[in-house]
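Use these hints to put chain B onto chain A, whose structure you have.
Each chain, letter by letter, is given below.
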Amino acid sequence: MSKELIRLQDLCMAYDDEQVLDHLNLYINDQEFLTLLGPSGCGKTTTLRIIGGFVTPTSGDVFFDGVRINDVPPYQRKINTVFQKYALFPHLNVFENVAFGLRLKKVPEKELRQRVMEMLEVVSLKGFENRKPDALSGGQQQRVAIARALVNRPKVLLLDEPLGALDLKLRKDMQIELKKIQQQVGITFIYVTHDQEEALTMSDTIVVMDGGHIQQIGTPEDIYNEPKNAFVADFIGESNIIDGVMPRDKVVKMYGREFACLDGGFAENEPVDVVIRPEDIDIVPVEQGQLVGTVTSVTFKGMQYDIIVDFRGFKWLIQTTDHSPVGARIGVKIDPDGFHIMKKSQYSGMFGDYSSYSEEYDELSDAEALDAEEDTDAQRREDGYAE
Amino acid sequence: MKKNGVVSRLLLAVMFLFLYAPIFVLIIFSFNDSKSTAVWNGFTLNWYVELFQNRAVMSALRTTLLVSVLATAIATVAGTAAAIGFYSMRRRSRTACLAVNNIPLTNADVITGVSMMLLFVFVGQGLSAFSNWLNGLQWVEDANLWFDFSFSLGFGTLLIAHITFDIPYVILSVLPKLRQLDPNLAEAAQDLGATRFVAFWKVVLPELMPGIVNGMLIAFTMSIDDFVISYFTAGSQVSTLSMVVYSMVRRQISPEIKALSTLMFVAVLILLVIINLRQARQESAAARRRHAAARQP
Chain A
3 MSKELIRLQD
13 LCMAYDDEQV
23 LDHLNLYIND
33 QEFLTLLGPS
43 GCGKTTTLRI
53 IGGFVTPTSG
63 DVFFDGVRIN
73 DVPPYQRKIN
83 TVFQKYALFP
93 HLNVFENVAF
103 GLRLKKVPEK
113 ELRQRVMEML
123 EVVSLKGFEN
133 RKPDALSGGQ
143 QQRVAIARAL
153 VNRPKVLLLD
163 EPLGALDLKL
173 RKDMQIELKK
183 IQQQVGITFI
193 YVTHDQEEAL
203 TMSDTIVVMD
213 GGHIQQIGTP
223 EDIYNEPKNA
233 FVADFIGESN
243 IIDGVMPRDK
253 VVKMYGREFA
263 CLDGGFAENE
273 PVDVVIRPED
283 IDIVPVEQGQ
293 LVGTVTSVTF
303 KGMQYDIIVD
313 FRGFKWLIQT
323 TDHSPVGARI
333 GVKIDPDGFH
343 IMKKSQYSGM
353 FGDYSSYSEE
363 YDELSDAEAL
373 DAEEDTDAQR
383 REDGYAE
Chain B
5 MKKNGVVSRL
15 LLAVMFLFLY
25 APIFVLIIFS
35 FNDSKSTAVW
45 NGFTLNWYVE
55 LFQNRAVMSA
65 LRTTLLVSVL
75 ATAIATVAGT
85 AAAIGFYSMR
95 RRSRTACLAV
105 NNIPLTNADV
115 ITGVSMMLLF
125 VFVGQGLSAF
135 SNWLNGLQWV
145 EDANLWFDFS
155 FSLGFGTLLI
165 AHITFDIPYV
175 ILSVLPKLRQ
185 LDPNLAEAAQ
195 DLGATRFVAF
205 WKVVLPELMP
215 GIVNGMLIAF
225 TMSIDDFVIS
235 YFTAGSQVST
245 LSMVVYSMVR
255 RQISPEIKAL
265 STLMFVAVLI
275 LLVIINLRQA
285 RQESAAARRR
295 HAAARQP
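Here the protein sequences line up with chains A and B, keeping their order. Everything in the first sequence is counted per the working numbering, starting at 3 for the first residue and increasing by one. Everything in the second sequence is counted per the working numbering, starting at 5 for the first residue and increasing by one.
Okay, chain A solo, but in the shape it has when bound (with noise of 0.2 Å):
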């Protein structure tokens, strides 16, 4: 593919005592759509923030094309950054708001004049040069905080959960059209979030992390249908996550009965964490079922239904059309392709399990994410506020 841009090597950050970033190390390529993802707290503004300048890691270094940029101030990297509330600037309007990039580089107005509206364009907010940013909506906000970074031509641009203030109807056209632009202006984005749909649909890459480490690095396809561990499965999509060993290769043992399987190269009777995705299992008659259940709960999601059923207390995820009623013994089939096998690691046992499932709990934790979603550096300017 294209060649490396920016590189981090064995970076720490810590505040205080608190451990924020742990050893880490990534390459980022020229013209690539990377995501960090991960739930809040684990060090992917941080990284962010790192790669814009605006912190310095407490050891580890940061090479901007073979260069070391670690001592260079945040004016001077050809980096650009759209940050989580829009940052934009009150006093100035749209047009303003835009050219400050441009004026500060002493760019000759005609010049600047015609970079500016080119811009706007491309971000569809013509005709709102002489509007006050809080004379603008959310999402139009948005664009112009796009529109202001990405007029400076920078190399890379990042963005901190820039739809995060967003409603989800407007996240959806934002995601696509963000992935157009990037594509349309040829850079590198760098784009954190915790919503693992947005990381799905828009990323070339996509680096999970958890507690200051890298979980996985891969294509959004590598680390939806092969997670390394329970965290990434669990974080990426619903899985069932279930405990097995593996007699030998392709083949897995779990539930006391063998299931043929794709994946091979463990020790022989390797215990080993199970991954069976809610639609790769076929809901099947009890006398063709690989395995029997009791369904004990339903919804209704619009394209599909979600049940749970329990299979000798542990409680799967199944999405299905079909409708079965609560209490109905089903039996289930899975296809070799439908299992992915995973080394036990440090999340073993933690997700994985429905047993506590429901509705509410789902939206309540997405809400609290959102909530919650700080780091403890952003933490820290927060407490500026409260008085």
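Treat the hints loosely; a few may be bogus.
Straight-line C-alpha distance at most 30 Å; calculated BS3-like pairs for lysine-lysine [claimed, not checked]:
{"#": "1", "chain 1": "A", "residue 1": "Lys252", "chain 2": "A", "residue 2": "Lys230"}
{"#": "2", "chain 1": "B", "residue 1": "Lys206", "chain 2": "A", "residue 2": "Lys80"}
{"#": "3", "chain 1": "A", "residue 1": "Lys134", "chain 2": "B", "residue 2": "Lys181"}
{"#": "4", "chain 1": "B", "residue 1": "Lys206", "chain 2": "A", "residue 2": "Lys108"}
{"#": "5", "chain 1": "B", "residue 1": "Lys206", "chain 2": "A", "residue 2": "Lys128"}
{"#": "6", "chain 1": "B", "residue 1": "Lys206", "chain 2": "A", "residue 2": "Lys157"}
{"#": "7", "chain 1": "B", "residue 1": "Lys206", "chain 2": "A", "residue 2": "Lys112"}
{"#": "8", "chain 1": "A", "residue 1": "Lys87", "chain 2": "B", "residue 2": "Lys206"}
{"#": "9", "chain 1": "B", "residue 1": "Lys206", "chain 2": "A", "residue 2": "Lys107"}
{"#": "10", "chain 1": "A", "residue 1": "Lys134", "chain 2": "B", "residue 2": "Lys206"}
{"#": "11", "chain 1": "A", "residue 1": "Lys87", "chain 2": "B", "residue 2": "Lys181"}
Computed spacing ranges between beta-carbons, pair by pair [as the list claims (entries may be wrong)]:
{"#": "12", "chain 1": "B", "residue 1": "Leu276", "chain 2": "A", "residue 2": "Gln186", "range": "49 to 57 Å"}
{"#": "13", "chain 1": "A", "residue 1": "Glu98", "chain 2": "B", "residue 2": "Gly160", "range": "43 to 51 Å"}
{"#": "14", "chain 1": "A", "residue 1": "Ser347", "chain 2": "B", "residue 2": "Ser92", "range": "39 to 47 Å"}
{"#": "15", "chain 1": "B", "residue 1": "Ala133", "chain 2": "A", "residue 2": "Ala16", "range": "48 to 56 Å"}
{"#": "16", "chain 1": "B", "residue 1": "Gln283", "chain 2": "A", "residue 2": "Glu111", "range": "31 to 39 Å"}
Which chain A residues stay away from chain B? Per the calculated CB distances, all over 10 Å, these [said to hold, decoys possible]:
{"#": "17", "residue": "Ala16"}
{"#": "18", "residue": "Asp24"}
{"#": "19", "residue": "Tyr29"}
{"#": "20", "residue": "Lys112"}
{"#": "21", "residue": "Lys174"}
{"#": "22", "residue": "Thr322"}
Keep in mind that the hints were calculated from the coordinates and are not lab data. Treat the numbers as computed from the prediction; the structure is a model and nothing was measured. Using N, Cα and C, we set each Cβ at its ideal position, and we do this for glycine too.
What follows is chain B alone, placed relative to chain A:
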């Protein structure tokens, strides 16, 4: 309810009467063609003419304006800087600093005035002794030098005192603006190529400006009509307008005083109206914009 409304309106009227009656009497009788404060003898502007021909008053006016303008300017810069410093502190030290900042505001003026006077006298005498000691040294004599650091109460001490009591007002009106400030703004400016200083100058300062201007106006108002602190710190050679008023009243209540007081009252009133209008306009402008934004798709 209706009856209640009448009663409360009556109470309000009585309250305003008590508050403003003295000032109205003062204003009306400043136009009275007689020295009396009881009998109306016809309209005249003579007292105002006499006032402007009174040398003591005019010199006091100059002093007052000069000290107020200088003190306001210095206090605005110092207060803004202090507010920014407070804001970037950790929470505990900031709370402590704010408490210290608020003490002069709640402290009685007399105590502030007397304590400042004592401090000035103490430092003045100390410096005078220090100069004498320096002048007694052999090498100073050999170099044919003569030191005199001593100072006494006068315009300088008056100015220092005014700056001191103005600063807390500036801090108090700048801090809320700092709290409203998006912490990412300065970073966004730096991100777009501004140095720290340029980011502050072009982005942070314009955001703080309404607060700074309000603080400036309040400080100016406080300086213009201060009497007690000025009285203790100005010494015997310099007087401000309010000190002139006080010394004139001690002899007799001359109609000139009424004219002077009327002018001072009007000046301060205008300043206060400006401050309030500014604040109201800022609020309604913000509300209007929010409303406009809410209607956007």
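Tested hints:
Between Lys252/A and Lys230/A the alpha-carbon distance is near 18 Å, which keeps this suggested pair within the 30 Å criterion. As the CA atoms of Lys206/B and Lys80/A are separated by approximately 21 Å, the hinted pair is consistent with the 30 Å bound. As the CA atoms of Lys134/A and Lys181/B are separated by approximately 19 Å, the hinted pair is consistent with the 30 Å bound. For a cut-off of 30 Å, the pair hint linking Lys206/B to Lys108/A stands: about 15 Å separates their Cα positions.
Distance check on the hinted pair: Lys206/B and Lys128/A sit about 25 Å apart at the alpha-carbon level, within 30 Å; holds. Of the pairs offered as hints, the one joining Lys206/B and Lys157/A holds, with about 25 Å between alpha carbons and a cut-off of 30 Å not exceeded. Among the hinted pairs, Lys206/B with Lys112/A is consistent with the structure: their alpha-carbon atoms are about 22 Å apart, no more than 30 Å. In summary, the hint linking Lys87/A to Lys206/B is supported, as the alpha carbons are separated by about 19 Å, within the 30 Å threshold.
The suggested pairing of Lys206/B with Lys107/A holds, with an alpha-carbon distance near 14 Å, which does not exceed 30 Å. Between Lys134/A and Lys206/B the alpha-carbon distance is near 16 Å, which keeps this suggested pair within the 30 Å criterion. For the hint pairing Lys87/A with Lys181/B, the CA-to-CA distance comes to about 18 Å; that is within 30 Å, so the pair holds. Taking 49 to 57 Å as the suggested C-beta distance range, the pair Leu276/B and Gln186/A conforms, at roughly 56 Å.
A beta carbon spacing of about 44 Å between Glu98/A and Gly160/B agrees with the range 43 to 51 Å that was offered as a hint. For Ser347/A and Ser92/B, the hinted distance range of 39 to 47 Å is satisfied, since their beta carbons lie about 42 Å from each other. Judged by the Cβ atoms, the range 48 to 56 Å given for Ala133/B and Ala16/A holds: they are separated by roughly 54 Å. Remark: the range hint 31 to 39 Å for Gln283/B to Glu111/A is upheld by a beta-carbon distance near 37 Å.
Residue-level check passed: Ala16/A sits 18 Å from the nearest beta carbon of chain B, beyond 10 Å. Every CB of chain B is more than 10 Å from the CB of Asp24/A (nearest about 25 Å), matching its label as outside the interface. Every beta carbon of chain B lies more than 10 Å from that of Tyr29/A, the smallest distance being close to 23 Å; the non-interface claim holds. No beta-carbon of chain B comes within 10 Å of the beta-carbon of Lys112/A; the shortest separation is about 20 Å.
At the 10 Å boundary, the C-beta of Lys174/A stays outside the reach of chain B, the nearest C-beta of that chain being 15 Å off. No Cβ of chain B comes within 10 Å of the Cβ of Thr322/A; the nearest lies about 38 Å off, and the non-interface call holds.
Violated hints: none; the structure is consistent with every hint.
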